[in-house]
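Colleague: Given chain A's structure and the hints, the job is docking chain B onto it.
Single-letter residue listing:
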Amino acid sequence: DAKTTQPPSMDCAEGRAANLPCNHSTISGNEYVYWYRQIHSQGPQYIIHGLKNNETNEMASLIITEDRKSSTLILPHATLRDTAVYYCIRGRVDTPLVFGKGTRLSVIA
Amino acid sequence: GAGVSQSPRYKVAKRGQDVALRCDPISGHVSLFWYQQALGQGPEFLTYFQNEAQLDKSGLPSDRFFAERPEGSVSTLKIQRTQQEDSAVYLCASSLKVQPQHFGDGTRLSIL
Chain A
1 DAKTTQPPSM
11 DCAEGRAANL
21 PCNHSTISGN
31 EYVYWYRQIH
41 SQGPQYIIHG
51 LKNNETNEMA
61 SLIITEDRKS
71 STLILPHATL
81 RDTAVYYCIR
91 GRVDTPLVFG
101 KGTRLSVIA
Chain B
1 GAGVSQSPRY
11 KVAKRGQDVA
21 LRCDPISGHV
31 SLFWYQQALG
41 QGPEFLTYFQ
51 NEAQLDKSGL
61 PSDRFFAERP
71 EGSVSTLKIQ
81 RTQQEDSAVY
91 LCASSLKVQP
101 QHFGDGTRLS
111 IL
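One line per chain: the protein sequences are A and B, in this order.
Under the numbering used here, the first residue of the first sequence is numbered 1, with each subsequent residue one higher.
Under the numbering used here, the first residue of the second sequence is numbered 1, with each subsequent residue one higher.
Keep in mind the hints are simulated off the structure, nothing from the lab.
The beta carbon of each residue, even a glycine, is placed where N, CA and C say it ideally should be.
Mixed in with the good hints, there may be bad ones.
Stated by the list, open to error - Okay, derived cross-link-like pairs now, BS3-like style, lysine-lysine, Cα gap no bigger than 25 Å in a straight line:
id, chain 1, residue 1, chain 2, residue 2
1, A, Lys69, A, Lys101
2, B, Lys57, A, Lys101
3, B, Lys57, B, Lys11
4, B, Lys78, B, Lys11
5, B, Lys97, B, Lys57
6, A, Lys3, A, Lys101
7, B, Lys14, B, Lys78
8, B, Lys57, B, Lys78
9, B, Lys57, A, Lys3
10, A, Lys52, B, Lys11
11, B, Lys97, A, Lys3
12, A, Lys3, A, Lys52
What the hints assert, rightly or not - Quick look at which bits of chain B chain A covers, simulated, 3 or more residues with Cβ under 8 Å:
id, segment
13, 59 to 69
14, 91 to 97
15, 104 to 112
Here chain B stands alone, though its shape is the one from the complex:
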């Protein structure tokens, strides 16, 4: 498809497990953003890449959160030792440098 693709669509994990969430941006999009959306709230910024460079990770809530984009295309958001408060929808967006961001449908993460 032509849009941003995220997988898995749903993820259930036990507290303490590690999880990895994948984002396939729109082909050719240089910029990639990760957001976290808690239930009933608007999305909140986590981190931003321009090609493979992580330019801003100020929104990552703790050092348990790690994101990478090694070849400047696909990105992975990893959460180590998950906790219940990590339950949320994780959204990925991509854009050409000066164009609006386009979002995927997110990964809904539930920590039991």
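Chain A with its partners taken away, still in its complex shape:
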């Protein structure tokens, strides 16, 4: 049970912002929201995580709704190299990650 819901696929034009939604309506108070992505033949790459505040780093921004039931990962200027499967995962620190099927993002030139 992945415990999060994501659309199976999305397209985004190169240079535009990619907004990837995630639903985690049953998230517990001590669970974080983690985002990873996986490019073919590579291991999952950590992107960003947050508890309840919005977060930003050099890769992306994470917007978490006030009730914490959903979040959005934003890649501000998508490039072809951002084509990957994106996983939204909820979990406590230092515990195994439970992956779902993720969202396959295709960035189109």
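Modeller: Leaving out everything else, chain B in the frame of chain A:
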């Protein structure tokens, strides 16, 4: 390098053979996780170490799977009497206790 290193990158074995997969975590990382990823699926948890202690092995699919981390650093995942359904990518991740996990690129195991 500074990342998680796994070896070999690819392994082909005949059904019934034993295999050993190695994971070198990021230096100083206390926690180490093993995952199995079947083709077209997300990774699935196998087992978890904190230093040398194996705290959770609930994801190991059978008693043919065994993992160890004797000195709290390098870890080995061993599969005995391999079967075709063991074919998958085996991923290792490490973390400082409260920090996100960082993954290696995995070992792709093919059982003929």
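Colleague: The segment 104 to 112 of chain B covered by chain A? Criterion: 3 or more residues, Cβ-Cβ distance below 8 Å.
Modeller: holds (count 3)
Colleague: Given the hinted pair B:Lys57 and A:Lys101, is their Cα-Cα distance within 25 Å?
Modeller: holds (23 Å)
Colleague: Need the status of pair A:Lys3, A:Lys52: alpha-carbon distance at most 25 Å?
Modeller: Holds, because 17 Å separates the two Cα atoms, which is no more than 25 Å.
Colleague: Taken at face value, is the distance from the CA of A:Lys3 to the CA of B:Lys97 at most 25 Å?
Modeller: At roughly 23 Å apart (the allowed maximum being 25 Å), A:Lys3 and B:Lys97 satisfy the hint.
Colleague: Are B:Lys57 and B:Lys78 close enough, with their CA atoms no more than 25 Å apart?
Modeller: Judged against 25 Å, a Cα distance of about 13 Å means the pair holds.
Colleague: Are the Cα atoms of A:Lys69 and A:Lys101 separated by 25 Å or less?
Modeller: Holds, because 19 Å separates the two Cα atoms, which is no more than 25 Å.
Colleague: Given the proposed pairing of B:Lys57 with B:Lys11, does the C-alpha separation stay at or below 25 Å?
Modeller: holds (23 Å)
Colleague: Does B:Lys11 lie within 25 Å of B:Lys78 when you go C-alpha to C-alpha?
Modeller: Answer holds: B:Lys78 to B:Lys11 is near 13 Å, not above 25 Å.
Colleague: Does B:Lys57 pair with A:Lys3 here, judged by a C-alpha cut-off of 25 Å?
Modeller: Roughly 21 Å separates the two Cα atoms, so the pair holds.
Colleague: Holds or violated: the segment 59 to 69 of chain B covered by chain A, criterion of 3 or more residues with Cβ-Cβ distance under 8 Å?
Modeller: violated (count 1)
Colleague: A:Lys52 and B:Lys11 were given as a pair; does the straight-line alpha-carbon distance stay at or below 25 Å?
Modeller: violated (42 Å)
Colleague: Mind checking, does the segment 91 to 97 of chain B have 3 or more residues with a CB under 8 Å from chain A?
Modeller: holds (count 4)
Violated hints for the displayed structure, listed by number in ascending order: 10 and 13.
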